[in-house]
Every structure is written in structure tokens, then in C-alpha cells.
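Last residue of the sequence shown: 178 (UniProt numbering), numbering continuous.
Worth flagging that the hints you see were computed from the coordinates, not collected in a lab. A couple of the hints might just be wrong.
[Said to hold, decoys possible] Pairs of lysine-lysine residues, derived as DSBU-like cross-links and limited to a Cα-Cα distance of at most 30 angstroms, are as follows:
no.: 1; residue 1: K34; residue 2: K11
no.: 2; residue 1: K133; residue 2: K121
no.: 3; residue 1: K11; residue 2: K133
no.: 4; residue 1: K34; residue 2: K133
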Amino acid sequence: MSNETCILTTKDFTILEVMRDRCLGDDPLAPILKRKIETATVVFRDDVPENVATLSSRVSFSVDGRDPDTRVLSHDRMTSPVGMFLPITTPRGLALLGLAEGQVFPLTNHDGVEERIALDKVHYQPEAVKREKEAMDRLAEPEKRRPALKLIRGAFYDQPRFVPAGPDDSDDPGPSAA
């Protein structure tokens, strides 16, 4: 796979197109968005390889060969703990989207210095997990798909019902029942 290609799901590609349409002239994401969109191979989410970084994937990556970092690629900035997510609204997050394991994406940071973002490992990809779950459901035996709860009638089901008798041993409830 060439360094200038990426694999995007239809959803991820659409998000990048919307981001590009909303970019202003001096937006630092504009050149990255242009490269991603122009070199993208767009696939359905069921067809994306499991070693490709998609939105909501947990990935390990390194910048210029330094120690790797692990983050979840997110759509926008999250209010969760710092360091857990890497939004695609940042150059590094956007660079990782659509890369396959081992692929490198060069980009120029805000200081004008070129960085090489390398995708080391995709630990979790929602599309792969969904496919795996669906495959397991299809393989499940019919007996295992039946409800686990079975209604069993108790011993008193066939017993005659008892009617409480009044103080004079009659079953007439009296005028108060009317």
C-alpha cells in the first residue's frame, strides 16, 4: 500500500468531505483533508480491513519514531479524561484516519516542521467487532437462540380453588358484596 493512499468507510469519507467544505482558506487541516480525500479508497464498513484506523478505533501510533502513544480516534474534542481521545479535528488525528498498520503519513505541524505519523497497531476497530459479533450470532446453534426461560406450572395448578367461607360456613358474601 502506497503511503499516499488511505482506506475510508463511506461514513468517514463523508465526514472528511463536510470538514473540507467548512474549512477556511488558512485552515491547517485543509491540505491534509485534500490529500486524504483525493487518495482515498472508499469502502462499506463491512469491507474495511481490520488493520485500518477508522473513526472510534483505538490505535497505537508514533511520531518521528518516538515512543508510541495509544488513543481513540474521535470525531471532535471530547469532555472525557485528557489523553484518551485524539480528535480528527487535529492534524495528527486526521493523519491517522484511514491508515493501515505500518503505514506512515508525513505532515507539516503548526511550527512548519515535518512530522512522520506512523500507525503501529489497531487494537480495536468498531467495524471489525461488529462483523465478529454478527458472525458469532450466525454460527450459534438454533437451540442456543431459544429463550432461556421456560414457564413451568406449579403443583397447585390442577388443585381446586379454595373459597373462603363466612362465619356461618356459607359461601354467600352477603349484602356488602353487592
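Do the hints match the structure? See the list:
1. For the hint linking K34 to K11, the alpha-carbon distance of about 17 angstroms falls within 30 angstroms, and the restraint holds.
2. The straight-line distance between the Cα atoms of K133 and K121 is roughly 21 angstroms, inside the 30 angstroms bound, and the hint therefore holds.
3. Among the hinted pairs, K11 with K133 is consistent with the structure: their alpha-carbon atoms are about 20 angstroms apart, no more than 30 angstroms.
4. Among the hinted pairs, K34 with K133 is inconsistent with the structure: their alpha-carbon atoms are about 35 angstroms apart, more than 30 angstroms.
Going down the numbered hints, you'll see the structure goes against just number 4.
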